[in-house]
Amino acid sequence: MDALDDIRQAKEIIQALLKAKKTIRMYPENNPIYIKTLDDTFSKFDDFFDLRDEFSLKIRQYEILFDSEQIYHNPEKEDNLALFFFKDGLRELKFKKGLTKEELEEFLKIMVVDFDREFVDDDIVTLLWEKDFQNIKYSADEAFLTDDADYEAEALRQIGEDAPKPDELLKAYSDAFIAEDISDISIVNLTDRDLNMLVKEIDRDTEDKAGKLTEILFEMLPYTDNKPEYEDICRFIKEIIIYSIKHKDLKTFLSIIRRVSATTKNTAVNNSIKNQLSLMLATVNTEETIRYIGEILDSDTEISDALLNEYIELLDRNAINPFISIMGELKSIRGRKNVITILIQLGSKDIQTLAKGLHDSRWYVVRNIIYILRNIGDKRAVEYLLNTAKHSDIRVRKEAIKALGELKSPIGLQTLRDALNDADDSVRRSAAKALGAIGSETARRLIIEKISQNDFNNRDFEEKKEFYEVLSRWNDAGMIDFLTRKIKKRSLFKRAQRDENNACAAYCLGLMGSKEALPDLYNLRGSKNKLLRDHVDAAIKRIEYGE
Amino acid sequence: MENRAGIEIAKNAQDIINQMAVIIRNAQIHNPTNIAVQSSIEKFIATVNPLTDYETLELVLIGEFFYINETRIRFAMEYLLNFDYLIREFKKRELGSLTITGPLTGNDMQIFLKAFLSAAYSEDPFNAISDGIAAISNMTAGPLKSIKEEGEFDVKKHVRKTYFDAVSYTKGVISKIKSGEKVSIKKAKRVVESMVDLILQEEELLVGMTAIKNYDEYTYHHSVNVSILSVALGQRIGLSRKALTELGLVALFHDIGKMEVPPEILNKPTNFDENEWQIIKKHPSWSVRVILNLKGIDNTSMRTAIVAFEHHLHLDMSGYPKLTQPLDLDFYSKIVCLADQYDAMTSARVYSRIPMAPDKALSIMMERAGTQLHPILFKFFINMIGVFPIGTLVLLDTKELGLVYQGNTTFQDRPRVLIIMDSTGTRIKGHTVDLTEKDAAGRYIRTIIKTMDPNKYRINLAEYLL
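So the protein sequences, as listed, match chains G and W. Here the first sequence is numbered in the numbering used here, starting from 9 and rising by one per residue. Here the second sequence is numbered in the numbering used here, starting from 437 and rising by one per residue.
Okay, chain G solo, but in the shape it has when bound (with noise of 0.2 Å):
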């Protein structure tokens, strides 16, 4: 193959692995962009292996050479594919031909590793000899590794003024002829069981460190000897809590914090480390370890109510604001349902915090607040849920109502009456409901009320119906006779209002299944309106077969 051939091909990898490096930064594994790169790239190579076994790279400080050819040359120190690799120790990169697809990726993937950002123990040689690459093989310069260059060379020469005198070799030598003869050789077998049992203790083995070291941590404390000792401890403690929740390890988590609380209370510990261990406990009510545990809620990790509950156990009033914050932002519904039941058990015992997260700017967190206010079904709840009655999002305030009916609490009366004059009709139904719901006297009375003004028979037919279907719980003489009353009056005008209003009485007194009722129904049952002669037909129906 043509020198200059060789060296165009060599500059077009180079360039083609400068453009897979960012290609592969932005996009993910199966965007077309990303596989196209990757194939491009790859082909070059390929290419290139057609005629040669090998593509060899030099590598110095601002250029690449490949056959003593710069190949590739940049001063700068940003954005320099020389440097990056020359700062870690490599010298030579070489392809071999045999290189898969596969390899070619996790390299590039290597060689987007930002190593001054990201927090890496490893350098590129590390990375690189990690893979252990069959295709891909580098030389590396140890010389850095070492601060002392001499140390080989005294070494040497320390040792060898330590050589032994003639004298002590002769004894040895006479020695040996009257030393023991050697007794039989023992000659250790190995069997399958030691194998097995082996293996076994080798898989026991990935197995929580974490815990381990937390376990070491609490032996070695009650030995410390000053502050600076037993403050270390306690902080590696602390490192070691919020290593497991950002690894997602809430067991370990809890577990850490179980002893740490049992540790606190043991009275033959020292009082300053206990009050360190204290201000530990009080971390696991902060936002910040609180948006780990989020993300871990959040995650796929299966958490088991049991877990659920005994961490809920460690956390206090403090933590309710944090989970109120971050109930928004997760993405999950089982994310979600887990941070509701922590607020439901936490909320129980402060309605005054949790009530603060009505007034949060996403609807969706007021209206789950809402609901956890429903769940603990505490009555205090309604006096911070009147305003949010009156929420701008309708979803709010549905749920807000459908609350105000389920604590019963008579101060709410007043604004489910003017929820009933909402402009949303669900939102109206609502209202109607939450009065149902509560039941007393006074809420039937609003009901009754409203279903007697005039502007009610403009409604929609099926908004009124599900008025009187709250009224059907009222289920008395008095109810009886107020729906009776309403089937038998006669009138000229707006006969189809009528109608539909007796339609929605006549629906109500089957609901209620009153045999009283009957006498008059039968009397509707020659309506001329189908409606109205359906919910009759219906009801009678009902009340005569219990259908």
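A hint or two may mislead.
Each computed DSSO-like pair below joins lysine-lysine, with the alpha-carbon atoms no more than 27 Å apart [claimed, not checked]:
no.: 1; chain 1: G; residue 1: 473; chain 2: G; residue 2: 549
no.: 2; chain 1: W; residue 1: 622; chain 2: G; residue 2: 95
no.: 3; chain 1: W; residue 1: 704; chain 2: G; residue 2: 139
no.: 4; chain 1: W; residue 1: 758; chain 2: G; residue 2: 104
no.: 5; chain 1: W; residue 1: 718; chain 2: G; residue 2: 235
no.: 6; chain 1: G; residue 1: 145; chain 2: W; residue 2: 678
no.: 7; chain 1: W; residue 1: 758; chain 2: W; residue 2: 704
no.: 8; chain 1: G; residue 1: 117; chain 2: W; residue 2: 623
no.: 9; chain 1: G; residue 1: 139; chain 2: G; residue 2: 52
no.: 10; chain 1: G; residue 1: 246; chain 2: W; residue 2: 731
no.: 11; chain 1: G; residue 1: 139; chain 2: W; residue 2: 623
no.: 12; chain 1: G; residue 1: 44; chain 2: G; residue 2: 109
no.: 13; chain 1: W; residue 1: 704; chain 2: G; residue 2: 66
no.: 14; chain 1: G; residue 1: 109; chain 2: G; residue 2: 27
Simulated from the structure, these hints should not be mistaken for laboratory data.
Chain W: place on chain G using the hints.
Frame of chain G, contents of chain W only:
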């Protein structure tokens, strides 16, 4: 362009060797026509034959490792026994390679088995095999070759450099920590990786460097020696490269807390009193603090701290520091404990300028296996160090005096020996001899008849090894 054949062979390499071992084991127990033998043959053929469509398959034994088509085959732990077994069976028959150029049949394998098994009784086992398999058109055999001495000088130089770089690095790290400077863990990993590479390629040479005992720089040498011995042991039990690096790293820092021990105690020439001993016993806890202050909490630092704390505890918790609750020792702690005890016993110390002979150290450790020391790991360790550990002073039946220079894991009583005095008792410059060498009549040329402690005569192994 992808080397599909190479990839396929690499993927199946472990299985090829493992299955061959299984066939031979089965054939040694059962009749070759037995169903167990037949089915293992079928499995082997099913693996090998498709590969031979693409390429010739060459299985070669070099030293203690198998290579297939020039690629060294590393094995996972579960293959260890079979690999080890096959190496021994090959060496017994002086068989160095098998080349398969095309598909094999069941009949071919029966012929091979017959030749292989009967060769064990032959006076010329290799030729017996070679003749025996002549009828197999797609298989040929090659003799076992000694590892050549040429190029050994460069390898020794490289091993030496790696070793002393590690000692120098350790010294530098301790000095930096003492002065509060930042320490590069990246460099530490690079140092350990170099050692791991050498353990994988030239285990005995690097392990041999641990026989060099420099009292003045004991602390640094000891850290490196424990690291090397631990990695070598880890390699024997089949740990991965990454695991070996981690092991080497934790072993390198296992005694880092000793820098907090006052020098007048650490370097005391006589026995410690009770107070001094209590101070020494604190070094595992001090190590934990040093390590975690150095690096913060991550997987490696946690493991390093755990091993530093545990390595004197002993398996039965009879060591120190004393605990309120027994701990289940980390696996690496058990390895480092072995390496640490061995190196400490065989090193010149302030209070004992004449170190213990390696075989004496091993016999003491053998008594502790099962109580202080992990018994299975100890078996691996003793097999690794050898019946005649490197540095042992030996008298041969030829009246030559020598130092064990390089072990032989297959024939443990036949290491390579560096001759330091000839049969007339004259000191000579020193050449190495392989005790597996035989004369024309098939008898071993040299055999060890006596062993002695070289330290008693201030025979400096270092002078000869370097």
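Going down the list of hints, with the structure as the test:
{"no.": "1", "hint": "473/G / 549/G", "in the structure": "18 Å, holds"}
{"no.": "2", "hint": "622/W / 95/G", "in the structure": "12 Å, holds"}
{"no.": "3", "hint": "704/W / 139/G", "in the structure": "46 Å, violated"}
{"no.": "4", "hint": "758/W / 104/G", "in the structure": "55 Å, violated"}
{"no.": "5", "hint": "718/W / 235/G", "in the structure": "16 Å, holds"}
{"no.": "6", "hint": "145/G / 678/W", "in the structure": "18 Å, holds"}
{"no.": "7", "hint": "758/W / 704/W", "in the structure": "24 Å, holds"}
{"no.": "8", "hint": "117/G / 623/W", "in the structure": "22 Å, holds"}
{"no.": "9", "hint": "139/G / 52/G", "in the structure": "22 Å, holds"}
{"no.": "10", "hint": "246/G / 731/W", "in the structure": "15 Å, holds"}
{"no.": "11", "hint": "139/G / 623/W", "in the structure": "18 Å, holds"}
{"no.": "12", "hint": "44/G / 109/G", "in the structure": "12 Å, holds"}
{"no.": "13", "hint": "704/W / 66/G", "in the structure": "52 Å, violated"}
{"no.": "14", "hint": "109/G / 27/G", "in the structure": "16 Å, holds"}
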